[in-house]
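K.L.:
Same order as they appear, the protein sequences are chains B and C.
Numbering follows the numbering used here, in which position 47 of the first sequence is assigned residue number 47; successive positions increment by one, without gaps.
In the numbering used here, each number is its position in the second sequence, counted from 1, plus 1000.
If you are wondering where the hints come from, they were derived from the structure by calculation, not from laboratory data.
Do not rely on the hints blindly, as some may be mistaken.
Distance condition first, Cα-Cα at most 20 Å in a straight line; then the derived DMTMM-like pairs of lysine to aspartate or glutamate [as the list claims (entries may be wrong)]:
1. LYS108/B x GLU214/B
2. LYS184/B x ASP48/B
3. LYS1285/C x GLU233/B
4. LYS1285/C x GLU258/B
5. LYS1292/C x ASP1183/C
6. LYS1292/C x ASP1309/C
7. LYS1259/C x ASP12/B
8. LYS228/B x ASP1121/C
9. LYS1285/C x ASP253/B
10. LYS1323/C x GLU245/B
11. LYS1323/C x GLU246/B
12. LYS1187/C x GLU87/B
13. LYS1187/C x ASP1088/C
14. LYS1187/C x GLU245/B
15. LYS18/B x ASP48/B
16. LYS1259/C x GLU245/B
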Amino acid sequence: MNVAVLIKQTPDTAELPKVTVAEAQSGELQATMVINPWDEFAVEEAIDLSDRFSCDTTAISLGREGETDALKHALAMGVDSALHVDESVVEGGDEWATAEALAAAVRKVDGGEDVEIVLAGKMSVDGNSGVIYAGVACKLGWDLLVNVTRIVDIVDGTLIAEQAFEGGQETVEVPLPVVISVAKEINEPRYPSFMGIRKASRAAIPTLGREDLEFPLSRTTRWTDLNKPETEEVQVRIFEGASVEEKAAQLADALMAERVI
Amino acid sequence: MAILVWIEQNDGQAVSNCWELLDKAKVLGQELGAEVAALLIGSDVDDSAQQAVAYGADHVYAAAAPHLAHFRLQPYAAIAEQAVARTDAVAFLTNASIRGGVLAATVACRRNAGIAANASDLWVEDGRLVAARTIYSGNIQARIQFESSLAVASVRPRSFPMPAPTDGSGSVDNLDVRTQEDDIRQKISDFRAADAGEVSLTDAHIIVSGGRGVAEDPQKGFELVGELASALGAALGASRAAVDAGYIPYKHQVGQTGKTVRPDLYIACGISGAIQHLAGMGNSKIIVAINKDADAPIFQRAKYGIVDDLFSAVPALTAEFRKRL
Ligand SMILES: Cc1cc2nc3c(=O)[nH]c(=O)nc-3n(C[C@H](O)[C@H](O)[C@H](O)COP(=O)(O)OP(=O)(O)OC[C@H]3O[C@@H](n4cnc5c(N)ncnc54)[C@H](O)[C@@H]3O)c2cc1C
Ligand SMILES: Nc1ncnc2c1ncn2[C@@H]1O[C@H](COP(=O)(O)O)[C@@H](O)[C@H]1O
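Kindly generate the complete structure, drawing on both the sequences and the hints.
P.N.:
This is how it looks when you write it as structure tokens:
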């Protein structure tokens, strides 16, 4: 039973507001690119599973040519190996094409036999869809757990996990193989160690390209009219009262007049 | 031909955001010449089915069986696909909750249909459905046109106004449930419902949030913020700094790595307004900031502000509202 973890390289969240429409269209971003913050939890959980159940871990990332910093980060944290999928294999495709490519990459890990758990983050900070792992589960024909806050145990090929949703929390049992998207409550991602960083910088990261992956390209949507939402110029009104009570009264008046209360 | 809307249930109760969606589907259905079908899956769906009629569904398709009491993707997605086929659906819409999101994605992927995840608007153009959504955490807006015959969207809560129920004249049909408990791989062994009575952040019309500004006395600070929230019937939010410091549990976190909210009124108390916080609440209709630093970035997005110590300003505001409400 081995583990694959899906990670995406995404812009540093502090630089997201600077992304332009042209950059979003071309995919050539000026921003500093890092591992998608949600995916750090998935990487940490993969390493944790390998400690608990002595399994091998592989990080998989589909991205532009040579875009391997996120994979190196995962290696530096402690995953055993990394696999890069060249984005050109899904050029012009939709989410399901990406899912198909990632599922194909999962099947290629270690000859495709042993991966029984695929971990993913909750959402990418650039795509914001939270659908890729659902697509991967669908393409692999595996079960899917989402927003998992704890992997309790794996007993006789059955994984026991806790899942959170808006209305509560549940414990669920599912036979392997399974795709799991993790919630941030699941763990505290470690910082890469110095040794880890050195090891990662020397690691060879194989790439899968068009010659390695073949599938019909799904294209079910067309994205048009990309634009920057206008942030409404709001001129803030600061209440200047003699006392805090006076300011509070003025604010309460204003909010009652807005009819939002 | 139909627009099919999944009505999510939590503990046997319909999630109210789904009525916003159903009402929108009526408008879209008129333009597309499609009827509006509501899909209910659960163990007891009768009340929710009647509600769906009251909120305007032309047809309600109900799949009821004891083993469907809790959401499990495998049987729910199978039933949703069955309903898509039965209604000849041109669109399948869900509420963009955790479950709605994954149900929409799974049905879309299985039928090789286009998806607009976390959509914020839907309309009809040249006889086809179009969706709007944002990417790059709210920093780029896009329009999604569907090339597939089925269009699937999960729609953010509070994207459309809440309708009023009417008499309704729609009919309720039962779907036959083909999956048995034995066919379902996932087993739920324990289920704990969230605290009742707490206003959920994603549904809230008003949110009062606290940040690191309470640091001087975090316990007292969140008590004051909580009192203002309860005086307004608001949900309680927090910044990541407050969550990371352990002042309040993560489920209250608003922002990039917390919840995305769009209330009518968002009151930020002792929150600086970091980009990652704004990513979660920047679409609030009216933002109010209480902060002792007049230069805090939150004031660039706020409509109203009080520059003062939150330990005195927040209770003063609570007292004002208690007088008036
Ligand atoms: C990948 C990533 C993801 C992130 N995700 C999130 C997220 O989801 N949500 C989030 O909120 N942040 C997130 N952050 C963190 C974010 O960058 C900020 O650090 C955080 O929002 C700051 O919280 P704060 O405003 O409470 O604290 P601070 O920035 O420290 O601000 C405290 C404010 O309180 C004011 N203040 C202090 N004392 C008082 C007083 N007595 N009365 C009134 N005002 C007072 C100060 O003037 C200051 O403006 C993320 C960061 C990263 C890198
Ligand atoms: N290009 C990619 N390469 C690897 N994993 C990805 C990629 N895109 C998405 N994922 C995974 O799917 C999750 C959800 O992404 P998204 O659907 O884009 O919000 C991410 O947190 C990743 O774990």
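K.L.:
Now tell me, hint by hint, if it's right for this structure.
P.N.:
For each hint, the structure was consulted:
1. LYS108/B x GLU214/B: holds (12 Å)
2. LYS184/B x ASP48/B: holds (15 Å)
3. LYS1285/C x GLU233/B: holds (13 Å)
4. LYS1285/C x GLU258/B: holds (10 Å)
5. LYS1292/C x ASP1183/C: Since the Cα atoms of LYS1292/C and ASP1183/C sit roughly 59 Å apart, the hinted pair is violated (cutoff 20 Å).
6. LYS1292/C x ASP1309/C: holds (5 Å)
7. LYS1259/C x ASP12/B: Holds. LYS1259/C to ASP12/B sits at ~19 Å (cutoff 20 Å).
8. LYS228/B x ASP1121/C: Since the Cα atoms of LYS228/B and ASP1121/C sit roughly 16 Å apart, the hinted pair holds (cutoff 20 Å).
9. LYS1285/C x ASP253/B: holds (17 Å)
10. LYS1323/C x GLU245/B: holds (12 Å)
11. LYS1323/C x GLU246/B: Within the cut-off at roughly 14 Å; holds.
12. LYS1187/C x GLU87/B: violated (37 Å)
13. LYS1187/C x ASP1088/C: violated (31 Å)
14. LYS1187/C x GLU245/B: With a Cα-Cα distance of about 56 Å, the restraint between LYS1187/C and GLU245/B is violated, given a limit of 20 Å.
15. LYS18/B x ASP48/B: At roughly 35 Å apart (the allowed maximum being 20 Å), ASP48/B and LYS18/B break the hint.
16. LYS1259/C x GLU245/B: Distance of about 32 Å is beyond 20 Å: violated.
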